[in-house]
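Enquirer: Sequence:
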Amino acid sequence: MIELGKFNTLTVVSQRDNQYGLDGGELGEIGLADKDAPDNLKVGDTVNAFVYIDGKNQTIATLQTPLAQVDKVAWLKCISLSHAGAFLGWGLPKDLLLPFSEQKGKVVEGRSYLVRLFLDENNRIAATMMLDDFIQDQAFYYKDGQAVQLIIADETDLGFKAVVDNQYWGVLYKSETFQPLQKGQSLSGFIKKVRPDNKLDLVLSQEKYGQKVDATSEKILAILAKRGGYVALTDKSAPEIIYDTFGVSKKVFKQAIGGLYKQRRIVIEEAGVRLLDQA
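First residue of the sequence shown? That's 1 in the UniProt record's numbering, and the numbers climb one at a time after it.
These are calculated hints, taken from the structure and not from any lab test.
Heads up, some of the hints might be wrong.
Derived DSS-like pairs: lysine-lysine, alpha-carbon spacing no greater than 27 Å straight-line [unchecked claim]:
#1 Lys262 to Lys219
#2 Lys212 to Lys226
#3 Lys94 to Lys72
#4 Lys183 to Lys251
#5 Lys174 to Lys94
#6 Lys262 to Lys251
#7 Lys143 to Lys174
#8 Lys192 to Lys226
#9 Lys161 to Lys193
Distance windows between CB atoms, simulated [unchecked claim]:
#10 Phe100 to Lys219: 45 to 55 Å
#11 Ser188 to Asp39: 31 to 41 Å
#12 Ser175 to Pro196: 18 to 28 Å
#13 Ser175 to Asp214: 12 to 22 Å
#14 Lys174 to Ala271: 21 to 31 Å
#15 Arg227 to Arg195: 38 to 48 Å
All of these numbers come straight from a predicted model, not from anything done at the bench.
Where is the CB? At the ideal position from N, CA and C, for every residue including glycine.
Between the sequences and the hints, there should be enough to build the whole structure, so can you do that?
Expert: In C-alpha cells, the structure reads:
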C-alpha cells in the first residue's frame, strides 16, 4: 500500500523518452516528477521514491529528499506569505503550506518554525504548529537508558522541552545539559528515566558526571600539551568559548581544572591555565 507523504519502494513499469512511470498499486501508474532521472534507470528497476499529491491533484513521485515526511517534526523556514497562509521551504520545488488555521502567533517571512507534517482532507501535505495536537505527554513503551532521537522545541525554566522520536514530549534539565542547544536542533539522546506518570526525563549522554569530569581533565591536559602548555581560558571565560574548545559545559570545565590544580598538574593564572612541568 502506497503511503502518501513518505518514501516508498516502487518499481519502474514504463519509460517514454526521459519520463518514467512507477507501479503505484491501487493508485495506478505514478509519474516520476524528476526531470533528471538517473541515466541507468530502466523498466524493472526499483527506486525509493517520495510520493505526494501535487497542486494539480495528481499523485507524483520524486527521488529528491524533503527535509521532513508526514508524521515527522521539522524546523522549517518561512519562504513567503499568501492569502492561504505561509509557505515553508522543505527541500522540494513546491513549497509547503502552513495554513492560517495551523499557525500559533504571527508567522514572519525569513524566520524558522517547528512544525509537524500531516495530510489534509484532500490528502495533500501541509504543516502545523499545533504540536500538542499530535505529540503526547505520556509514553508507555520506553525503558531507562534507551536511545532516542530528539528535536529541541523550547527552553523552559527547568531546561529544554524536546520532541522524542516525533511522538512524545520529554525534558532535558539544564543541570545535566553540557552543551548549547537551539530550538529546532536535531540530536541523539537517551531516556534518563520514565517517571511514575509516564513522562520522560532525557539526557544527551549516558556518561556519569564524574566520568565526564575525568574525561575532560584528560582532554585539557592533551590540549595544553598540544598548545605549548598554555590555554587562555579560565572558569571566568564565556561558556560558549569553553564549549567550542573542550566540548563541555562551564560547570564541568571548572570541576576539571579544579581537580587538576589540586593534583598540581596545572596552574590557574589570571588569564589562563598553564601546564606544570612534571619532570
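Enquirer: Next step is simple, just say for each hint if it's right about the structure.
Expert: Verification of the supplied hints:
1. With a C-alpha separation of about 17 Å, the suggested pairing of Lys262 with Lys219 holds against the 27 Å cut-off.
2. A threshold of 27 Å between alpha carbons decides the hint, and for Lys212 with Lys226 the separation of about 21 Å falls inside it, so the pair holds.
3. Between Lys94 and Lys72, the direct Cα distance comes to roughly 18 Å. Compliance with the 27 Å bound is thereby established for this hinted pair.
4. Distance check on the hinted pair: Lys183 and Lys251 sit about 22 Å apart at the alpha-carbon level, within 27 Å; holds.
5. For the hint pairing Lys174 with Lys94, the CA-to-CA distance comes to about 39 Å; that exceeds 27 Å, so the pair is violated.
6. With a C-alpha separation of about 17 Å, the suggested pair Lys262 and Lys251 falls inside the 27 Å cut-off, and the hint holds.
7. Pair hint Lys143 plus Lys174 holds up; C-alpha atoms about 22 Å apart against a cutoff of 27 Å.
8. Among the hinted pairs, Lys192 with Lys226 is inconsistent with the structure: their alpha-carbon atoms are about 36 Å apart, more than 27 Å.
9. Of the pairs offered as hints, the one joining Lys161 and Lys193 holds, with about 15 Å between alpha carbons and a cut-off of 27 Å not exceeded.
10. Between Phe100 and Lys219, the C-beta spacing of about 50 Å keeps the proposed range 45 to 55 Å intact.
11. Distance hint for Ser188 and Asp39: a CB-CB separation of about 36 Å, consistent with the stated range 31 to 41 Å.
12. Between Ser175 and Pro196 the beta carbons are some 21 Å apart, a value that agrees with the proposed interval 18 to 28 Å.
13. With their beta carbons about 19 Å apart, Ser175 and Asp214 fall inside the hinted range of 12 to 22 Å.
14. The given range of 21 to 31 Å is respected by Lys174 and Ala271, whose C-beta atoms sit roughly 28 Å from each other.
15. The hint said 38 to 48 Å for the Cβ distance between Arg227 and Arg195, and at roughly 44 Å that hint holds.
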